[in-house]
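Knowing the structure of chain G, use the given hints to seat chains L and Z on it.
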Amino acid sequence: MEQTKTVTIGNKGKGVRSDCQISLELLNSGGITIELVSKVNALYGKSIRKGVEEILEFFEIKNAKVVIDDSGALPFVVAARLEAAVKKLIKTDKEFLFPFLGQNNYQTEKDKNRISRLYLPGNTPSLMINAGIHHPDGIILDLEDAVAPDKKFEAGFLVRNALRNLDFYGAERMVRINQVPQGLKDLDFIVPHNVNLLLIPKCESAEQIHLVNKRIDEIKATCKITGNIWLMPIIESALGVIKAYEVATAAENVVALAIGLEDYTADLGVRRTAEATESFFARSMVVNACKAAGIQAIDSVFSDVADMDGLKQNVLRSKALGFDGMGCIHPRQIKVLHDNFAPDDVEIAKAKKIVNAFMEAKEKGLGVVSLGTKMIDAPVVKRAQKTINLAISTGKISKNWREEDNEKI
Amino acid sequence: MEQTKTVTIGNKGKGVRSDCQISLELLNSGGITIELVSKVNALYGKSIRKGVEEILEFFEIKNAKVVIDDSGALPFVVAARLEAAVKKLIKTDKEFLFPFLGQNNYQTEKDKNRISRLYLPGNTPSLMINAGIHHPDGIILDLEDAVAPDKKFEAGFLVRNALRNLDFYGAERMVRINQVPQGLKDLDFIVPHNVNLLLIPKCESAEQIHLVNKRIDEIKATCKITGNIWLMPIIESALGVIKAYEVATAAENVVALAIGLEDYTADLGVRRTAEATESFFARSMVVNACKAAGIQAIDSVFSDVADMDGLKQNVLRSKALGFDGMGCIHPRQIKVLHDNFAPDDVEIAKAKKIVNAFMEAKEKGLGVVSLGTKMIDAPVVKRAQKTINLAISTGKISKNWREEDNEKI
Amino acid sequence: MEQTKTVTIGNKGKGVRSDCQISLELLNSGGITIELVSKVNALYGKSIRKGVEEILEFFEIKNAKVVIDDSGALPFVVAARLEAAVKKLIKTDKEFLFPFLGQNNYQTEKDKNRISRLYLPGNTPSLMINAGIHHPDGIILDLEDAVAPDKKFEAGFLVRNALRNLDFYGAERMVRINQVPQGLKDLDFIVPHNVNLLLIPKCESAEQIHLVNKRIDEIKATCKITGNIWLMPIIESALGVIKAYEVATAAENVVALAIGLEDYTADLGVRRTAEATESFFARSMVVNACKAAGIQAIDSVFSDVADMDGLKQNVLRSKALGFDGMGCIHPRQIKVLHDNFAPDDVEIAKAKKIVNAFMEAKEKGLGVVSLGTKMIDAPVVKRAQKTINLAISTGKISKNWREEDNEKI
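Protein chains in written order, with my numbering: chain G, 1 to 409; chain L, 1 to 409; chain Z, 1 to 409.
FYI, nobody ran anything at the bench for these hints, they're computed from the structure.
The structure displayed is predicted, hence computed values, not measured ones.
Treat the hints with care, since some could be wrong.
Identical copies carry no separate label here, and so any pair may be met within one copy or between two of them.
Within a straight-line C-alpha distance of at most 25 angstroms, the following computed DMTMM-like cross-link-like pairs (lysine to aspartate or glutamate) qualify [claimed, not checked]:
| hint | residue 1 | residue 2 |
| --- | --- | --- |
| 1 | K88 | D309 |
| 2 | K65 | D217 |
| 3 | K224 | D345 |
| 4 | K46 | D93 |
| 5 | K12 | D345 |
| 6 | K14 | D93 |
| 7 | K62 | E252 |
| 8 | K386 | D145 |
| 9 | K350 | E403 |
| 10 | K110 | D309 |
| 11 | K62 | E218 |
| 12 | K14 | D111 |
| 13 | K62 | D145 |
| 14 | K352 | D145 |
Isolated chain G, as found in the complex:
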């Protein structure tokens, strides 16, 4: 704990929305003084003041001066800012938590669709609000590269509160922690609050995965949590590429590897190009490692948010190499990903044939499935079923395609 008695947390100024900046000064006497600057003062001023008083009381702070520059922060944001400020000044294990939002209380399947996952900077509330309405497969609250070093401390509280009180609209709830081992201490803010998946950046060994899982298990035991927490290590170095298969098979809860080409090309000392020859080997290694491990392969984000056609071409190339999804840095990228990672007509027709053969064999009580002379083994059926599910979830075919196809005949 720092010895200073005054601290400032959060953001204010031009372009800042849905956030607030809070300065907290601990005093020896004089009770609580709150100075509030807010455009919504008339409407919410009273409620904000009440919230601040409540939190200070919770942390047993009796004398303090609080200056709040508010740009429309929701209560969970104000609370996160104030708690961060308090914890910069006093040592306490208490956490101020609003009740967990009911609709956030879900688990995800190991092999659910992960075509799109939207990165949100972990310390920027304005981008979080309503992110879920774009329906990405996953939403990532990022504690790593999208948070400036001097903002890492406060971001932990904001991400924790967002996990509890931001509506994710059913998207898989993801957090990117900082690089292991430093990132291990992020887990205290994340694990107890029903996170579905953790992204592990700059991953280069199974050992890093084991360290994460060890800490997760400790926290789960302490908090009596039983749900699955999936891991998506990010391969973004030459060493990571060499260790891709080791990482992919490091633990049962590793559900995908992502590749991070910005850092990978920097590690190689090369320029990242559109043709991506410089990363062809790395992408092949990661895809192959993932498929060998039976998990998903996720491609790097596409940085130029204005170039929709470039994104589409990128998606088609990704899919052609075997990737199952990609990161997004802007909501407008989500639809392009879903449209183009979705199975195309040829793939759907092939998958239908296999699933039909399987269903018919099942209906006839046959032990084996065959298409022509070729026996169809269980993994092939599973893969075809996955294609069908993907086609349904991306709106390419109806849920009742079998019945509808039969009617057409």
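This is chains L and Z only, laid out in the frame that chain G set:
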């Protein structure tokens, strides 16, 4: 053994040739009744009936009704069908074998040419007859994907009899067994009958090779067989690609790895394209593993049997990457493979220079061979000699090229 | 030692310059006779004779006939030739060494620039003289492929003397030894004479590196040498490619891997093409192994010394894949390498930003460096600094770029 007393084995109907379908019903009395439908009844009817009686007697069956629908089956085919029928109904360790065909009794060299090897479905006699006259380097009797699941049982007997009584015209005698461990039981039908090489499909570990070799050794010991049985594992999954070098170096009798791109691209979940970018990494891994292990690298079959130019381009690309041969699914593909995998003029000229330098050094009694300032070490000479041998066997140069070249000077 | 009493060492004839051929016949009586044929007889004849007498006396040879065919050999060349002749005929541990040239007495840094390194055949004095004036980053005296097998013995003495008495003009002093284990005996000629870096050809295992280092350590201990001797293993086989990471991390003094595509493509049995598709996988494996190990990646030489534009394209492709340098077989290639491996404007601008951010953070006493929201960690700063250093050393920017850039603002 099934409890039913009637069973039907083999094929009949439109398009079926050189085969027969046999229904066998075991009876408690009444002796042997044979009903024969055959276009060649007039010519061979008597002989077929005699054959059937002989086989039933061999298996000590005294009362039975046999219905044969014949479309020109050779005796070894009829015998295979009938034995399969018998063994569906009664338990016996006896095998009905015709004498082994003398001209099939040869061994092959570890590093013999394997440019072309023709796949033949293991349960389709019509494709087997005369396959050898196209002179592929190898003929594969396929027990795996080319045999429907419910035909696997009978195919074993047919392949066994074909190994003994079908003329292979000097082609390397190969069988593709089913995936290990299930495929291990195929070995009983194969190993005792002078097979030269076994293809091991969907290979993903050295352990699978060890299991095959263990069972081969057991059968060889029982049958007192001493000849070499070479192995050609097929890499056709992402995991197989990762383990390619492990598999290539698993045992001394592994002489080549083949790659199977139909299954590999399915495992990756990608479409197989003509440019084959999606499998470039896998093909590179397999070629590199093979050359590092000092064995041959064999490319995937080309499926479009009508597209001869596409095949040629495919062969040239295969060769340029380091493959030594390829599978065929139609005899007409054989010549294209031999013409284009054969060394070209530049390669032949270079190889001649090296072999000449070696021969001259030998004639002069020199311990080392050099070309210009560069010492030519033994592997380089061996490789050049291989190129020359390949050029001779594919008809590009004469066996007496050295003498002929000298005369020209 | 051979039993013959006459031996001939060195080169003479058309095209031979700066060399001599010496025939030495040991006699039982008659003292020393010297026959000298030299164009520079008038000027240097007396001095050559005196040198020969001195060396024979050093080796205690009292009766001998020496025939010298001189084409302008420097004293260290004559001495190397004569010592080799003597040691073909008598057994002695003595070495005839001129005083070590002062300006050759330098060490090199582990991560110094290695953009260009010029190969010089180890038995061709004419190419050695003045090679340094072209200022390659390194000069390689080659004992391996550039020396004919029957010249290997004498080349050791010439390379040893060149290391002591040839002016390297500050270039990194390199020797390519023969393949391990045979090449281990080359080390006696090299290690005691301040070599900076050894190239280990056809490297395929960490074990080979350990053998080299063991022998280096023995010689260093004997000769009381303390300077670093760096290793640059050359990957030039399929097995080497598989073991690239193992070799790259075999020892602390491995500073780079080079790839040798002439031998690699021969090992694969493929033709080496300009597009280099056949070696894309191998080059990717080597670059990735090097970057994962934190060492430099060095590309194969470009053989067509007349095709300057082809060389430039080759360099740009090399750099785009992550290579840091390349071998040269002609001095004229050096400038093309330096011009095109040098950082371009975009790379320099990016590196300047990072270095500036780092310097500013340092000046402000900040513990962490950030650019925008992204924390810049130490390796990124180090890489940017390396780019800047490279830009300075290749003349792209001034040593005082920071001051000059500030003045412009």
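Do the hints match the structure? See the list:
1. K88 / D309: neither (47 angstroms within a copy, 62 angstroms between copies)
2. K65 / D217: Classified as neither; 40 angstroms inside a copy, 69 angstroms across copies.
3. K224 / D345: Neither. Shortest intra-copy (47 angstroms) and inter-copy (56 angstroms) distances fail the 25 angstroms Cα cut-off.
4. K46 / D93: Neither way: K46 and D93 sit 28 angstroms apart in one copy and 93 angstroms across, limit 25 angstroms.
5. K12 / D345: neither (50 angstroms within a copy, 37 angstroms between copies)
6. K14 / D93: neither (35 angstroms within a copy, 82 angstroms between copies)
7. K62 / E252: neither (49 angstroms within a copy, 60 angstroms between copies)
8. K386 / D145: This pair counts as between: shortest inter-copy Cα distance 23 angstroms, intra-copy 33 angstroms.
9. K350 / E403: within (17 angstroms within a copy, 59 angstroms between copies)
10. K110 / D309: neither (31 angstroms within a copy, 45 angstroms between copies)
11. K62 / E218: neither (35 angstroms within a copy, 74 angstroms between copies)
12. K14 / D111: neither (42 angstroms within a copy, 46 angstroms between copies)
13. K62 / D145: neither (37 angstroms within a copy, 79 angstroms between copies)
14. K352 / D145: between (42 angstroms within a copy, 21 angstroms between copies)
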